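*Asks:* Sequence:
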Amino acid sequence: MQAATYFRLQLRHSQSNFVFHLNAEFLNHCFFISLQRGLPAFLSLFDWKGR
12 MQAATYFRLQ
22 LRHSQSNFVF
32 HLNAEFLNHC
42 FFISLQRGLP
52 AFLSLFDWKG
62 R
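Here the working numbering is used: the first residue of the sequence shown is 12, the next is one more, and so on.
Treat each hint with caution, since some may be false.
[Stated by the list, open to error] The calculated label-pair distances, taken between Cβ atoms and stated as ranges, are:
1) Phe29 - Leu56: 37 to 45 Å
2) Leu50 - Ser25: 33 to 41 Å
3) Ala52 - Ala14: 34 to 42 Å
4) Arg48 - Asn28: 26 to 34 Å
5) Leu54 - Ala15: 56 to 64 Å
6) Tyr17 - Phe42: 56 to 64 Å
7) Gln21 - Phe53: 28 to 36 Å
8) Ala52 - His32: 40 to 48 Å
These aren't lab readings, by the way, just hints derived from the structure by calculation.
All figures in this text were calculated on a predicted structure; none of them were measured in a lab.
Cβ atoms here follow ideal geometry from the backbone N, Cα and C, with glycine treated the same way.
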């Protein structure tokens with residue numbers, strides 16, 4: 012009984028870790044995409060004000 016409970020807790024823990032890892036990867040991916048797309052536009056805004 013004790014071992015089964017422990018195993019269940021471990022399983023739940025690893026599942027939540029996996030989901031967290033996936034979410035982190037997804038957020039990183041979105042962040043880098045928005046950086047690559049947004050940074051040139053952001054810099055061109057400053058460039059336009061500088062002229």
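*Asks:* If a hint holds in the structure, say so; if it doesn't, say that too.
*Replies:* How the hints compare with the structure:
For Phe29 paired with Leu56, a C-beta distance near 40 Å keeps the hint of 37 to 45 Å intact. Here the CB-CB span from Leu50 to Ser25 is close to 37 Å, well matched to the stated 33 to 41 Å. For the pair Ala52 and Ala14, the supplied restraint of 34 to 42 Å is violated, since their beta-carbon distance comes to about 57 Å. A hinted range of 26 to 34 Å for the beta carbons of Arg48 and Asn28 is consistent with their spacing of about 31 Å.
Distance hint check: the CB atoms of Leu54 and Ala15 are about 58 Å apart, consistent with the given range 56 to 64 Å. A hinted range of 56 to 64 Å is violated for the C-beta pair Tyr17 and Phe42, which are about 37 Å apart. For Gln21 paired with Phe53, a C-beta distance near 45 Å fails the hint of 28 to 36 Å. Take Ala52 and His32: their Cβ atoms lie about 31 Å apart, and the range 40 to 48 Å is violated.
Checked against the numbered hints given earlier, this structure breaks hints 3, 6, 7 and 8; the rest are met.
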